[in-house]
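Q: Given chain E's structure and the hints, the job is docking chain Z onto it.
Okay, here's what each chain looks like letter by letter:
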Amino acid sequence: MSTTLNRAGLARDAYKGAATTLCAGCGHNSITNHMVKALYELGVEPHLLAKMSGIGCSSKTPAYFVETAHGFNGVHGRMPALTTGAHLANRQLIMLGVSGDGDTASIGLGQFMHMIRRNLDCTYIIEDNGTYGLTKGQFSATADLGSVQKKGAVNTFQPIDPCAVALALGCSFVARSFSGDGKQVVPLIKAAIAHRGTAILDIISPCVTFNDHDGSTKSYSWVKDHEESIADVSFIPFFEEVHVDYEPGTIRDVRLHDGSHIVLKKLGEDHDPTDRQAAIKVLEEGRTAGHLVTGLLYVDPTMADFASTEHIPDRPLRDLGEDELRLTRDQFAQFMSEFA
Amino acid sequence: MTEAIVNDLTIQAATVNGSGSQTANLVLTRAIFHMGIPVAPKNVFPSNIEGLPTWYQLRITPEGHMARSDKVDILVAYNVATWREDLKTVRPGGVVIHEEAFSTLDVRGDVTYYAVPFAKLAKSKIQSDTLRKQLANMIYVGVVAGVLNVPWEALEHGVRRQFLAKPKAVQVNLDAIKVGYDHWQDSFSKQDPYRLEPMTGAVEGKVLVEGNQAAALGALMGGVTVVAWYPITPSSSLCEYVIAYSERFRVEPKTGEKLISVVQAEDELAAVGMAIGAGWAGARAMTSTSGPGISLMAEFSGLAYYAEVPVVIFDIQRIGPSTGLPTRTSQADIGFVYTLSHGDTKHIVLLPGTVEECYELSRDAFDYADRFQTPVFVLSDLDLGMNLWMTPEFKYPDRNFDRGKVLSKDDLDRLAGEWGRYQDVDGDGVAYRTLPGTDHPAAGYFTRGSGHDEMARYTESADAYARNMDRLARKLETARQALPAPVVDEAGGSVGLIAFGSTHAAVIEARETLAEAGRPVDYLRVRALPLSDDVAAFVGRHEHVYVVEQNRDGQLFDLIRLALPAGLVGRLRSIRHYNGQPIPAAAIIDPLMDREAVPA
Numbered sequence: 004m005s006t007t008l009n010r011a012g013l014a015r016d017a018y019k020g021a022a023t024t025l026c027a028g029c030g031h032n033s034i035t036n037h038m039v040k041a042l043y044e045l046g047v048e049p050h051l052l053a054k055m056s057g058i059g060c061s062s063k064t065p066a067y068f069v070e071t072a073h074g075f076n077g078v079h080g081r082m083p084a085l086t087t088g089a090h091l092a093n094r095q096l097i098m099l100g101v102s103g104d105g106d107t108a109s110i111g112l113g114q115f116m117h118m119i120r121r122n123l124d125c126t127y128i129i130e131d132n133g134t135y136g137l138t139k140g141q142f143s144a145t146a147d148l149g150s151v152q153k154k155g156a157v158n159t160f161q162p163i164d165p166c167a168v169a170l171a172l173g174c175s176f177v178a179r180s181f182s183g184d185g186k187q188v189v190p191l192i193k194a195a196i197a198h199r200g201t202a203i204l205d206i207i208s209p210c211v212t213f214n215d216h217d218g219s220t221k222s223y224s225w226v227k228d229h230e231e232s233i234a235d236v237s238f239i240p241f242f243e244e245v246h247v248d249y250e251p252g253t254i255r256d257v258r259l260h261d262g263s264h265i266v267l268k269k270l271g272e273d274h275d276p277t278d279r280q281a282a283i284k285v286l287e288e289g290r291t292a293g294h295l296v297t298g299l300l301y302v303d304p305t306m307a308d309f310a311s312t313e314h315i316p317d318r319p320l321r322d323l324g325e326d327e328l329r330l331t332r333d334q335f336a337q338f339m340s341e342f343a
Numbered sequence: 007m008t009e010a011i012v013n014d015l016t017i018q019a020a021t022v023n024g025s026g027s028q029t030a031n032l033v034l035t036r037a038i039f040h041m042g043i044p045v046a047p048k049n050v051f052p053s054n055i056e057g058l059p060t061w062y063q064l065r066i067t068p069e070g071h072m073a074r075s076d077k078v079d080i081l082v083a084y085n086v087a088t089w090r091e092d093l094k095t096v097r098p099g100g101v102v103i104h105e106e107a108f109s110t111l112d113v114r115g116d117v118t119y120y121a122v123p124f125a126k127l128a129k130s131k132i133q134s135d136t137l138r139k140q141l142a143n144m145i146y147v148g149v150v151a152g153v154l155n156v157p158w159e160a161l162e163h164g165v166r167r168q169f170l171a172k173p174k175a176v177q178v179n180l181d182a183i184k185v186g187y188d189h190w191q192d193s194f195s196k197q198d199p200y201r202l203e204p205m206t207g208a209v210e211g212k213v214l215v216e217g218n219q220a221a222a223l224g225a226l227m228g229g230v231t232v233v234a235w236y237p238i239t240p241s242s243s244l245c246e247y248v249i250a251y252s253e254r255f256r257v258e259p260k261t262g263e264k265l266i267s268v269v270q271a272e273d274e275l276a277a278v279g280m281a282i283g284a285g286w287a288g289a290r291a292m293t294s295t296s297g298p299g300i301s302l303m304a305e306f307s308g309l310a311y312y313a314e315v316p317v318v319i320f321d322i323q324r325i326g327p328s329t330g331l332p333t334r335t336s337q338a339d340i341g342f343v344y345t346l347s348h349g350d351t352k353h354i355v356l357l358p359g360t361v362e363e364c365y366e367l368s369r370d371a372f373d374y375a376d377r378f379q380t381p382v383f384v385l386s387d388l389d390l391g392m393n394l395w396m397t398p399e400f401k402y403p404d405r406n407f408d409r410g411k412v413l414s415k416d417d418l419d420r421l422a423g424e425w426g427r428y429q430d431v432d433g434d435g436v437a438y439r440t441l442p443g444t445d446h447p448a449a450g451y452f453t454r455g456s457g458h459d460e461m462a463r464y465t466e467s468a469d470a471y472a473r474n475m476d477r478l479a480r481k482l483e484t485a486r487q488a489l490p491a492p493v494v495d496e497a498g499g500s501v502g503l504i505a506f507g508s509t510h511a512a513v514i515e516a517r518e519t520l521a522e523a524g525r526p527v528d529y530l531r532v533r534a535l536p537l538s539d540d541v542a543a544f545v546g547r548h549e550h551v552y553v554v555e556q557n558r559d560g561q562l563f564d565l566i567r568l569a570l571p572a573g574l575v576g577r578l579r580s581i582r583h584y585n586g587q588p589i590p591a592a593a594i595i596d597p598l599m600d601r602e603a604v605p606a
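Those protein sequence lines, which keep their order, are chains E and Z. For the first sequence, this note's numbering assigns the number 4 to the initial residue and increments by one for each residue that follows. For the second sequence, this note's numbering assigns the number 7 to the initial residue and increments by one for each residue that follows.
Pulled out of the complex, with its shape left as it was, chain Z reads as follows:
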C-alpha cells in the first residue's frame, strides 16, 4: 500500500434521485464533521422528483477548502445508469465502492474496487418492506465509514443530528448503517491509502448552514413582516425556511397570532407586487425568486425604483437563459438585475460571498431598502443557497433597525404640514416619506409610476422629469458610499483577482495554490453594486487584474470596465466558468497561469 492519505479526499456518491440518498449523504457529512474534520458538500441534483441520476460530492480537506473539487478519490457507485461514466471521474489510485451486481467487464485497472452486494444486503438485513428503499442508502454510509475508519460514535451523532425532528428514525437508520459497517469488517481488507483521523482546532466554533437558511434567519433578524413568494428552484427553500422559523419564533403563544405574513402568491408578478405594497405601507417586506421569476419581476422593480418604495428581492441564481438548467448554479443575473426594468434604472445589489454574509446582508438589506427607499436585491446562487457550508456561528446584530426618513404625525405638526414627498431636503437625494395611516391631514400623497414632481403631483414637465431622475442618481450615489465595501486582501503583488459571490471559495483555494507555486495574487471581493471606488483603486495598483465569475459573458468584468478610467481598462482580464457546476480552483489557476506565463 502507498503512503496514507489522511483527511484529504473527495467522496462522490452517484445515486438515484428521490431514493433517500440525500439523507444518507448528510449523515455521512455530519459524522465526519463531528470528527473535527472540515467538510464541503456539493449536491448535484436533477430537475426531477424521482428516478434521474444525482451526485453528491463530499470534499474533505484539512485546510477547510470549500470549493468543488474536480477530482474524485472515492466513488460510491450506486446507480447502474451512470456507472460507466462515473467510473471515468475517479482519480488514478482512487477507490470505487460499487454494487456487486454491476458489470466489471473491461473496467479500468488503476483503481481499488470494493464490490458490495448492496441489494442483497438490503433484502436480507433490512426487515421493513416500506422503509427498505430509503434505508438501503444507509448501507453505503456504513461501508464508506468502514473504509475510512469513521468511529461508530461519530455515525451515531450524524444520525441523531440529521433526525433531530424525528428521533424515532434514529435507531432504524443506525441499524442500516451497521449492516454496511459490519459487512466491511467481515468481508474486506483495506487496499487503499485513504483514511480519516479526528482533528482538533479545524472546526471548533463552526457550524454547517445552507445559504438559504442563513438568508431566512437574516430576514427574520432584519425584521421582515411580509413575505410573498412563488415556488421556484433554487429559491424555494429560502421562503420555506422563513416559514419554518416563523412558526417557531413569530407566533404569539397566547393568541396564536403571527407576527409575520408569508403568502404563496399566484406568480412572481404578484409576489413582488405584494412585497412592494407592503413596503409602501411601511412593513419590511421581501420576495425571493430565481431565473424566470426575476425576469417577471422587472416591471414591478421599475415601479418600486421610480416610486421609491423599499423592498428586498432575493435572486438565488440558477442557469439561464429561459428555463435553462433549473438545478445548476450560475452568476449570470448580475448584469440584468443591476438595471432591472425598462427606462433608466439602477438598483442596489448586495453580493454575499459566504453563508455568513447571506445572513448579514439579508438582515442589512432591509435597512438599506428603508434608508434609500428603493428595491434592494440580494444576489445569491444555487451553490451558496442550497449546499451546506462550514461557517463560524453568526453574530447577533449590534444595532437597531434603521427605518430611514419617515415623517410621523409629530414631525408633520412641527413642519406645519409643509413637506414634499420627493423633495431633496438634505441634499443626499433621499427624500422623506409618510406611511398610510399617519393621522395628519398633510400626510397623504399619491404614489405613482408615472411622471411626478417634488410634491408627488402628476406631471409631464420635461424639467421636473429630469430633476427627479437626477435626484434618483444622487440617491444611488449616496447609497454607493454606504454599501458594504469590497473585501481586499493585498500583499503588494503585481497580479490581482476580483470576484463576487460563491466564486469566493474557489478564489481562496486558487490563491493558496498559486502562492505555493511562487505566484501570489492579491484579491478584491466585490460585495455590492454600484461599484465602490476601491475597485478602480485596486486595479490601479496592479499590472493585471483577473475578474473571475460564473457566467459566459463576463458580466462583472463589463461593469468594472465601464467604471474604470480609460487608462486602466487594459489591465483587466476575464476568467469565466459557466457549465453549471460550482467553479473549482483549477478553473482559476489554469487560465491565470497560462496567461501570466506569456511575456507581457
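Next up, chain E with everything else stripped away, as it sits in the complex:
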C-alpha cells in the first residue's frame, strides 16, 4: 500500500472506509477499491466529497470508502433528487453517486432520466449485477432476455440498458466497464469526476451469491469471455503534463473543462467518443453480436451543466446570510405598499 502523499497531502489509506459487509468476491468490493485508487490519485479533498446512494447492496458501498467524507444513503431510487438538492446548496461539493441496477433501472428510472436531462454535475456509478441481491435473487430490469436465475427461472423481458437510455437522452458522459477491469474502471472514474455534467458509468459487477452461475450474462466468466473494449482509456489530470508518444492516428484525446485529458488508444474499429450516433451504433452492434461493449462510449465536454444553466453562483448558496437573502427594509416597505 502506497504511503506516498497525493496533492491533497494524503496517503492512500485516507481514502479507505469501513469494512465491507458485502459477500466475499462481490464485484462491488472491487469497485470500492477502484474508487479508493481513483480518488487518491486524483487528490480529491475528502471534505469536498459527497457520497450519495439509494438503497441496495450497491448503495451500501459509500460507507466503504473515504470514511471522513460526508455520505447520504437515501431512499430507494431517489439518489438523483438528493444529489440535485445537495449540489444546488453547495456547488463546491464533488457529487459522487453510487447506485445499482434495481435502484437505477426500476424504481429510480424516472429520476435517473431527469437528472440526465438537466445535466446535473455529478458522477453516477451503477454497480450493475442484473439481480436483487438484498432480497435474495430476483431479476432486475437490466437482466438480459433469456438470462437464467440461480433457481432456473428464465428472464422473459427485454433489458433496460442504462447506457442506451443515457445516450438516447443526450447524456454528456456515458461509459461502461467491468468491475474486474481496474485498468479501465479507474481512469473512467477519474474522467467521470473531472467531467462537468452528468457522468454515467455502468459497471457490470457480478453478484457472487445470486447471479454468477452458468446461464447468467452478468457472471464473472460470461463477462470475461464477452467483454469487448472499444479503446484503452487513460486519464491525465489537469495537474499532470500530457505526454503523448503514440503513433499518429492511433489515439483520440478529449480535453475536459478543467484541463484534464481523456486519452483513448484505438483497439479495433476507431470510435469517436464525441459522436453520439456512433456510440448508439457501437452499443447496438455489441448487443446484436452478444458482446459486452466497454469503454468510454460518449462524452460532450462542452454541454452546460444544470447549475450553470440556472445561473447559480459558484459560492455555496448555503453560506448566504440575511444581508443577501432578505429584502431590505426599503424594498420590503415598497413591496407591501404595492398590495394596497
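It is worth saying that the hints were derived from the structure and are not from the lab. Please note that a few of the clues may not be correct.
[Said to hold, decoys possible] Some but not every residue of chain Z turned toward chain E, in silico, with C-beta under 7 Å:
| # | residue |
| --- | --- |
| 1 | Phe169 |
| 2 | Val209 |
| 3 | Gly211 |
| 4 | Leu214 |
| 5 | Val232 |
| 6 | Leu265 |
| 7 | Ala284 |
| 8 | Trp286 |
| 9 | Tyr402 |
Backbone N, C-alpha and C define an ideal beta-carbon position, used for all residues, glycine too.
A: Same frame as chain E, but now just chain Z:
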C-alpha cells in the same frame, strides 16, 4: 323602496371559466376596497381551463368579515348554463343583474331584475375583435358600479392597480367599464336598497394579499435558497410567486447570478427529495404541494425525520381523498401530515390562520427546521392560499436566522474532533450536525435512513434503536415548547371554540353573532402541532368545547381527545364542515345553538 342597505352585501358573479371574468372581479374588488370599504373575495373555480362555470363571491361588510357568506344579495348572471340554479341562491329582496337574452319565463318574483344586453353592448361598443371576449366582462363591472354608486375615480384606481404590470391595458378596460356604467345611467332607475358609501377607518393600513403570496414572501424573508416543486393546484401559485419575487429580489445585478435555485421537478417525490438534499447540505430548502403530492412525499418525509434533515414542506390543502375536488378547499390533511411516513413518526406542523401568519409562519418555519433538524410542515389551504384577504401590512423581521446546532471547523478543532452526530449533548434531544464541505477530518459522517447509533454508524442494535427513538421523542417535546402558542381569547364563559387555519374567519364572525344573541363563547386557535398544554388547560376551564374544522372526520377533534386527560374528554364536541366551500359562520352558529339549547 325599502330602507337603504349600505356597505353590507354580498355580490356573486356567475361567469364562464377562462373568459377573463376573474380580472373583472378583481377590478371591482379593488375599486370597492379603494373606497375604504372592507372586502372579502372568494373565488369558486372549476378544475378546467376554459368553459366550465365559475363563481366569484365578493362579500362587503362594514365590520370586515372575511368568511364566506351563504347568502347572495346581488347576482351577476353571466352564464346561461347555470342561470336557473344561480337565481335560487339570491336572498329574497336581492338584485339580479342578468344578460337580457336569458329566458325570464317563470322566474321568481321576490327579487329586483336589471336585464342588460351584455352581448349586444359588447358587439356594438367594443371595437377590438381580439379583446372583445375578455373586455366584455368589464361591462358588468360598470353596471354593478352603477347600481351600487361606486365613484368613477375608484374604478380608475381598480383598473390601474390590477394592470400594474400592463399599463397599456388600462384605457381599453376603463372604456369597457364605461360602456356598462353609461348603460346603467341611461337605461335604469334604481329599484333596490343596496348602496356603497366611502368609509374611513376600516381599511387604513391594510392591504389585499393571497396566502400563497404571503407564504412566498415569508420564504424569501426566511432565507430560502433551494425550492423544488411540482405543479399542482392550489399550491402552484406559491412557487410561482417565489419565482416572480426572486426575479426581482434575488438576482445579482452585476453578474445575473441567482441567489436562489427554483427547480420544477419531475414529480413530488423528486421535489421533496431535492429539498431534503439541499437541507442536508446546509441550505434553507422547501417544497410546496397539495393533496396527491403530499401522499407521494410520505417516504421522503420519514427519511428526513429519521435522518434529521431540515426541510420546509408546504401543503396547501384541497379536497381529497385521491384527486378529490382539486379546486375546492379543505382541512383534511392535518391528521395525515402530522404522522406522515411509515413507522413512528411525528412532525412539526404549523397552522397559519391568516395571511399574515402565512407570511410569518412560512418565514419562521425555516428557523424551526434548522433548530430541530426535522421537516416542518406548513398547512395552509385553497381558501387561505388562493383568495385575496384583507390584512394589516406585514412586519419586517426583528431577528436574524436561527441556523441551529451546526459545528464549524473551529468548533471541531475546539472539540478535538470528538463529537457524535446523534449524541444528545444538551439533553434537549437536539444533536449537533456538520455540513458537507466542512474542512475538518472529523466533520464527515454517514447519513442514512437505516438504523444508526449516536456516532451515525449503521446498527441493528435493539438498544441503540430504542435510545434513538426516545431521543427523537425528546426532541419533539423540546420543539413543542418552542412552537407558536395557541391564540386564546377568553372572557370566562362556559362554552369554548377551538379551531385552526382558515376556519378562523368564520369563528370570528360566529362569535360576534353569538355574543349579540347573548351567547358569548371563548376561543382558542391552535397554531402548531404537537399540541400545546394550553389546549388541555382551555378545555379544563370550559363546560363544553366545540372543535370546528373543515373535514369529515373531526381530525383535530381526535388529536385533542388523545392529548386530553381522560376526565376532560367528555367536554369536547365536534363541528365539521366539508363540502369544499369555505366554511360560513352559520355552519358554526347553527349546530352550536342547537346543541347548547338542549339541557345538559
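Q: Look at each hint and say if it fits the structure.
A: Hint check results:
Evaluation of the Phe169 of chain Z hint against chain E yields a violated restraint, the C-beta minimum of about 13 Å exceeding 7 Å. Among the interface hints, the one on Val209 of chain Z is violated; its C-beta lies about 9 Å from the nearest C-beta in chain E, farther than the 7 Å criterion. Interface restraint check for Gly211 of chain Z: the shortest CB-CB distance to chain E comes to about 9 Å, outside 7 Å, so the restraint is violated. Because the smallest distance between the Cβ of Leu214 of chain Z and any Cβ of chain E comes to about 6 Å, under 7 Å, the interface hint for this residue holds.
At its closest, the beta carbon of Val232 of chain Z sits 5 Å from a beta carbon of chain E; the interface hint therefore holds under the 7 Å criterion. Given the 7 Å rule on beta carbons, the hint for Leu265 of chain Z holds: about 6 Å separates it from the nearest Cβ of chain E. Interface restraint check for Ala284 of chain Z: the shortest CB-CB distance to chain E comes to about 4 Å, inside 7 Å, so the restraint holds. For the restraint placing Trp286 of chain Z at the interface with chain E, the shortest Cβ-Cβ distance is roughly 6 Å, inside the 7 Å limit, so the hint holds.
Annotation: Tyr402 of chain Z was flagged as interfacial toward chain E, and the flag holds, the nearest CB pair being 5 Å apart, inside 7 Å.
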